[in-house]
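K.L.:
Heads up: the sequence lines are chains A and B, in that order.
Numbering-wise, the numbering used here puts 209 at position 209 of the first sequence, and it's gapless, one number per residue.
Numbering-wise, the numbering used here puts 170 at position 170 of the second sequence, and it's gapless, one number per residue.
Heads up, a few of these hints could be off.
[Said to hold, decoys possible] Cβ-Cβ distance ranges computed for the label pairs, FRET-style:
id	chain 1	residue 1	chain 2	residue 2	range
1	B	Gly44	A	Gln74	20 to 30 Å
2	B	Leu250	A	Glu248	49 to 59 Å
3	B	Tyr153	A	Leu442	49 to 59 Å
4	B	Leu202	A	Arg72	28 to 38 Å
5	A	Arg24	B	Pro199	15 to 25 Å
Just so you know, the hints here were simulated from the structure itself, not pulled from any lab data.
In this text, a Cβ means the ideal position worked out from N, Cα and C, and glycines have one as well.
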Amino acid sequence: MRPTRELSGWGRYPRRPGPVAAPRDAAEARAALSGGVVARGNGRAYGDSAMGAALTLETRRMDRMLAFDPERGQLVAEAGVLLGDVIDAFLPRGWFPFVTPGTKFVTLGGAIAADVHGKNHHREGGFGAFVDWVDLMGPDGQVTRASRETAPDLFAWTLGGMGLTGVILRAAIRLRPVETGWIRQTSIMAPDLAAAMAAFEAHDAATYSVAWIDCLARGPALGRSILMLGEHARRDELPVEQREHPFETPPRRRLTMPLDAPALALNRYAMRGFNALYWARGRRAPRETLVGWDGYFYPLDAVLGWNRIYGRRGFLQFQCVLPPDRAEQGLAALLGETARTGQGSFLAVLKRLGPGAGRFAFPMPGWTLALDFPAGPRSLALLDRLDAITLAHGGRFYLAKDARLAAATLHAADPRAARFRDMRRAAGLDTAFASAQSERLLL
Amino acid sequence: MTDPDPTPAPVLILGGRSEIGLAIARRFAADRHPVVLAARDAAGLEADRADIALRHGVEVRLAEYDALDLEALPGFVAAQQPPPGIVVSVVGLMGEQAESERDPQAAARVMRSNYEGPALALGLFAEVMAPRGKGAIVGVSSVAGDRGRASNYVYGSAKAGFTAFLSGLRNRLSDSGLRVVTVKPGFVATRMTEGMDLPARLTAAPAEVAEAVVRAVRGGPEVVYVRPIWGLVMRAIRGLPEPMFKRTRL
Ligand SMILES: Cc1cc2nc3c(=O)[nH]c(=O)nc-3n(C[C@H](O)[C@H](O)[C@H](O)COP(=O)(O)OP(=O)(O)OC[C@H]3O[C@@H](n4cnc5c(N)ncnc54)[C@H](O)[C@@H]3O)c2cc1C
Ligand SMILES: NC(=O)c1ccc[n+]([C@@H]2O[C@H](COP(=O)([O-])OP(=O)(O)OC[C@H]3O[C@@H](n4cnc5c(N)ncnc54)[C@H](OP(=O)(O)O)[C@@H]3O)[C@@H](O)[C@H]2O)c1
Numbered sequence: 001m002r003p004t005r006e007l008s009g010w011g012r013y014p015r016r017p018g019p020v021a022a023p024r025d026a027a028e029a030r031a032a033l034s035g036g037v038v039a040r041g042n043g044r045a046y047g048d049s050a051m052g053a054a055l056t057l058e059t060r061r062m063d064r065m066l067a068f069d070p071e072r073g074q075l076v077a078e079a080g081v082l083l084g085d086v087i088d089a090f091l092p093r094g095w096f097p098f099v100t101p102g103t104k105f106v107t108l109g110g111a112i113a114a115d116v117h118g119k120n121h122h123r124e125g126g127f128g129a130f131v132d133w134v135d136l137m138g139p140d141g142q143v144t145r146a147s148r149e150t151a152p153d154l155f156a157w158t159l160g161g162m163g164l165t166g167v168i169l170r171a172a173i174r175l176r177p178v179e180t181g182w183i184r185q186t187s188i189m190a191p192d193l194a195a196a197m198a199a200f201e202a203h204d205a206a207t208y209s210v211a212w213i214d215c216l217a218r219g220p221a222l223g224r225s226i227l228m229l230g231e232h233a234r235r236d237e238l239p240v241e242q243r244e245h246p247f248e249t250p251p252r253r254r255l256t257m258p259l260d261a262p263a264l265a266l267n268r269y270a271m272r273g274f275n276a277l278y279w280a281r282g283r284r285a286p287r288e289t290l291v292g293w294d295g296y297f298y299p300l301d302a303v304l305g306w307n308r309i310y311g312r313r314g315f316l317q318f319q320c321v322l323p324p325d326r327a328e329q330g331l332a333a334l335l336g337e338t339a340r341t342g343q344g345s346f347l348a349v350l351k352r353l354g355p356g357a358g359r360f361a362f363p364m365p366g367w368t369l370a371l372d373f374p375a376g377p378r379s380l381a382l383l384d385r386l387d388a389i390t391l392a393h394g395g396r397f398y399l400a401k402d403a404r405l406a407a408a409t410l411h412a413a414d415p416r417a418a419r420f421r422d423m424r425r426a427a428g429l430d431t432a433f434a435s436a437q438s439e440r441l442l443l
Numbered sequence: 001m002t003d004p005d006p007t008p009a010p011v012l013i014l015g016g017r018s019e020i021g022l023a024i025a026r027r028f029a030a031d032r033h034p035v036v037l038a039a040r041d042a043a044g045l046e047a048d049r050a051d052i053a054l055r056h057g058v059e060v061r062l063a064e065y066d067a068l069d070l071e072a073l074p075g076f077v078a079a080q081q082p083p084p085g086i087v088v089s090v091v092g093l094m095g096e097q098a099e100s101e102r103d104p105q106a107a108a109r110v111m112r113s114n115y116e117g118p119a120l121a122l123g124l125f126a127e128v129m130a131p132r133g134k135g136a137i138v139g140v141s142s143v144a145g146d147r148g149r150a151s152n153y154v155y156g157s158a159k160a161g162f163t164a165f166l167s168g169l170r171n172r173l174s175d176s177g178l179r180v181v182t183v184k185p186g187f188v189a190t191r192m193t194e195g196m197d198l199p200a201r202l203t204a205a206p207a208e209v210a211e212a213v214v215r216a217v218r219g220g221p222e223v224v225y226v227r228p229i230w231g232l233v234m235r236a237i238r239g240l241p242e243p244m245f246k247r248t249r250l
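Extracted from the complex, chain A is given alone in its bound form (with noise of 0.2 Å):
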């Protein structure tokens, strides 16, 4: 007997008991395949999609460091090691990751398996981009070393495969030399939507770029946001006394959420305080400024556990990527739509994108936006809309934040889904691997 526990991404929603495994190595692995079986990294996303549909395989435990080649910035790990541990060993020694998402708590397979971006995908791409290989183990157990080179055709399914090709057991990942570990932040400020997109373009040089929106403005300040552009700081950038150390960057003192919040926090006047706190504080900011690495990419990392903060009843992401030609008109449609309901979002992020690495990856070029809403038949009404405005602006939506989308959405937005299904079927990945999402979606 398989021992059983609570199950949820990061939102909390939703939950349900389920039996899983940890495995050591590779043979407890292959051990525990048994059919609809899905692999678990951290738990960071936010809905179902590491929650197996008959066992969810966790692969913290496999979290060792093999090599690391110094000439060309690859490290091989295996799949459980966390994008913070890479951070903590390597910073020290000049080399980060090329790309991270808003959270350093990621594994290394949850990051190749989401493909997942960081605040320069327009420019440089997504994690899959600096990925050379991953040993890929198979429904029989095999283990596949799938790379741009040997079995191509695997490796592209499974950059954004949300865990439904294989179970990742190691991979080897690039890295980015860099002379700190200081970040220059400049930050802007857009009156409103097509300010921000403006001021976007204007600044699409620079190395890291994503707004946050005041999501409860409405009108003619509809999208009035912070625009925050950023570049790894070279040592001569720092202050002399700082050049000496300059991968010491400032401890964060960290807050953990011990309780479920009640839900009285979240109603809008709390949401409004909150976004208005972080409009002020922009509004203060000076121009350009240093900022450590774990400040300016994990604001969030400091509240440990602060997805509590929505409560037992968890809470919804909504993200999804729209075209260029049609981004601004979808944007202000979501916007509106959003504010008009007065759900409030805790969280609204502008990105850019580029293309995505992977077949069935989420990024495409256009421009992403993320929300968050207590989770509610309000909220799962107002996602619906949602869902429609971005279907009907050519937009798609992103499965590592998903908890509830239809199928039928997700199929008619993006064509590729059933191709990514019919391989399954013909590769026999469908039996052995699925999860809660793939289920709902039908992958």
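Once you have looked at the hints, place chain B with the ligands on chain A.
P.N.:
Chain B with the ligands in isolation, oriented as in the chain A frame:
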């Protein structure tokens, strides 16, 4: 508690495959101690060796070691060059109590793996380390050795022997400058306890055992329970009068 050594002493882990042993190795490596992982089939630990070396930028070696091979022991001790400054034994074997009751071979294996092997190895290392007047010997024993109980007295009695041996060694070497540490975990979430239904408040992570070891090596008390609450629990269990104790099923 003192600061980490300026030149951190090499650490030898006997039983390097155990999750507790690996956690201890990682913890010392994080403070820049070079590490040797000694285990049966040591070559199988290559991934762990590489991991610790890469993460912490220290030298990590593997050594073949069988705690039950007493003939090989003196050679094994002599072969550790440079000599370790800190030796930790996490070797142990739980066995099946029911099997140990019926099968003397199985029971002897449990007794030898928890007592004879670890005690004699640490004893021999103490002989070569004491003259240097510094360093530490650490034995990971168990609360199970504090009082023999129906559910695991074969394992528990061997741990009791190990605990008593370490106590005597500490007593004898008290003036030598070599510390002798006894670590008594209660429940720890590892391979040994996998599938058991353990109370969360009483169950430590391997990293907590590692933290306790490092603290004790650097100057804390030399006999430590992991999760201090176990000290109270075991005091209560030891304090039960025999007529009452024998009717319990602990
Ligand atoms: C605060 C926060 C900020 C975020 N910001 C961003 C962002 O900026 N950009 C972005 O792209 N994403 C972002 N995300 C989403 C997150 O990066 C992804 O969901 C990522 O996949 C989570 O990794 P994980 O290790 O937690 O994987 P899980 O959440 O455990 O799993 C995610 C998917 O990966 C699969 N998977 C995991 N490990 C393996 C493996 N070894 N083999 C095969 N499949 C595997 C799972 O089956 C599942 O489908 C954010 C999430 C949070 C909580
Ligand atoms: N887990 C708990 O709840 C708990 C509680 C109290 C005390 N402890 C003690 O903590 C220590 C570590 O245990 P653990 O939980 O990490 O379990 P474990 O993984 O079973 O560790 C025991 C280790 O001892 C090694 N070993 C056994 N016989 C050996 C021999 N003859 N030669 C060399 N190595 C030998 C094993 O090596 P192989 O891998 O080669 O078999 C194994 O790595 C043990 O002493 C245990 O008694 C554990």
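K.L.:
Holds or violated: 49 to 59 Å for the Cβ distance of B/Leu250 and A/Glu248?
P.N.:
holds, 51 Å
K.L.:
Using the Cβ atoms, figure out if A/Arg24 sits within 15 to 25 Å of B/Pro199.
P.N.:
Given about 24 Å between the Cβ atoms, the range holds.
K.L.:
CB of B/Tyr153 to CB of A/Leu442, is that within 49 to 59 Å?
P.N.:
holds, 57 Å
K.L.:
Is the hinted range of 28 to 38 Å satisfied by the C-beta distance from B/Leu202 to A/Arg72?
P.N.:
violated, 48 Å
K.L.:
Verify the CB-CB distance for B/Gly44 and A/Gln74 against the hinted window 20 to 30 Å.
P.N.:
The hinted range 20 to 30 Å holds for B/Gly44 and A/Gln74, with Cβ atoms some 25 Å apart.
Checked against the numbered hints given earlier, this structure breaks only hint 4.
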